[in-house]
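Can you build the whole structure from these sequences, using the hints too?
Chains as they are written, first to last, in the numbering used here: chain V, 1 to 120; chain D, 1 to 120.
No lab work stands behind these hints, which were simulated from the structure alone.
Check the hints yourself; a few may be wrong.
[Stated by the list, open to error] Mimicking DSS-like on lysine-lysine, the simulated pairs with C-alpha atoms at most 30 Å apart in a straight line are:
| no. | chain 1 | residue 1 | chain 2 | residue 2 |
| --- | --- | --- | --- | --- |
| 1 | D | LYS66 | V | LYS10 |
| 2 | D | LYS21 | V | LYS80 |
| 3 | D | LYS109 | V | LYS10 |
| 4 | V | LYS58 | D | LYS103 |
| 5 | V | LYS66 | D | LYS3 |
| 6 | D | LYS6 | V | LYS10 |
| 7 | V | LYS37 | D | LYS103 |
| 8 | V | LYS58 | D | LYS56 |
| 9 | D | LYS80 | V | LYS103 |
| 10 | D | LYS35 | V | LYS3 |
| 11 | D | LYS10 | V | LYS58 |
| 12 | D | LYS103 | V | LYS6 |
| 13 | V | LYS10 | D | LYS56 |
Protein chains: 2
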Amino acid sequence: MNKVIKLEEKFSLFNDLWTPKIIDEFNGQQLKLAKVKGEFVWHDHANEDELFLVIKGKLSIEFRDKTIHLNEGELFVVPKGIEHRPFAEDECHVLLLEPSTTKHTGSVKHQLTVNDQDRI
Amino acid sequence: MNKVIKLEEKFSLFNDLWTPKIIDEFNGQQLKLAKVKGEFVWHDHANEDELFLVIKGKLSIEFRDKTIHLNEGELFVVPKGIEHRPFAEDECHVLLLEPSTTKHTGSVKHQLTVNDQDRI
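In structure tokens form, the structure reads like this:
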């Protein structure tokens, strides 16, 4: 049987930025936590929607035609195939939901790309 | 393009208990909000895992062999096919994630069963 997951406790287990950690799975989706600060890389996910829920801090997501801003307790689903670039002025803690197959930089290979995401 | 969803604002839009409201969809999963208080009905979902994340208050989920307790910021995935009964002593606000096909009382027909869940 699964365990209760305490988000705060899980966030305390890592400090590296832009490297999502898998905390659980359900229905082929992975639940991940990430700490982010600064700018990520432009990318899209051809076949997968990606859900961002801000747990702490503020996250912005830049699109080619607009930018959206998320505060704590706010979420946004980036539709498949839409180029986006997350950024955060100060450190921000985010819950991510996406299919198990999703690479965090999409088809873009970048120095920030992590091939094997840790499970915590 | 999707909109930013503010959980607090969405929770302010309804007061009925045990009637999940759909707030968004991604990858065939639905994101729902529910206000709960008291005991729900024993049920299972044969083919779907169900994720509970407590946004406010405390939620317990009873299984045939144990009971788990969730506080704010804590989550639990109920695996497919496992009988469970959520309950909350005081009003609790919950974020639910499950496939679009999931009925909230599973195969159980009960006076609490809602056939067409509202989208807010």
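Cross-check of the supplied hints:
1. D:LYS66 with V:LYS10: holds (24 Å)
2. D:LYS21 with V:LYS80: At roughly 24 Å apart (the allowed maximum being 30 Å), LYS80 of chain V and LYS21 of chain D satisfy the hint.
3. D:LYS109 with V:LYS10: Given that 30 Å is the threshold and the Cα spacing comes to 37 Å, the pair is violated.
4. V:LYS58 with D:LYS103: violated (34 Å)
5. V:LYS66 with D:LYS3: holds (12 Å)
6. D:LYS6 with V:LYS10: Holds, at about 23 Å.
7. V:LYS37 with D:LYS103: Since the Cα atoms of LYS37 of chain V and LYS103 of chain D sit roughly 39 Å apart, the hinted pair is violated (cutoff 30 Å).
8. V:LYS58 with D:LYS56: holds (20 Å)
9. D:LYS80 with V:LYS103: Holds, because 26 Å separates the two Cα atoms, which is no more than 30 Å.
10. D:LYS35 with V:LYS3: holds (23 Å)
11. D:LYS10 with V:LYS58: holds (19 Å)
12. D:LYS103 with V:LYS6: It holds: about 26 Å lies between the C-alpha atoms, which stays within 30 Å.
13. V:LYS10 with D:LYS56: holds (19 Å)
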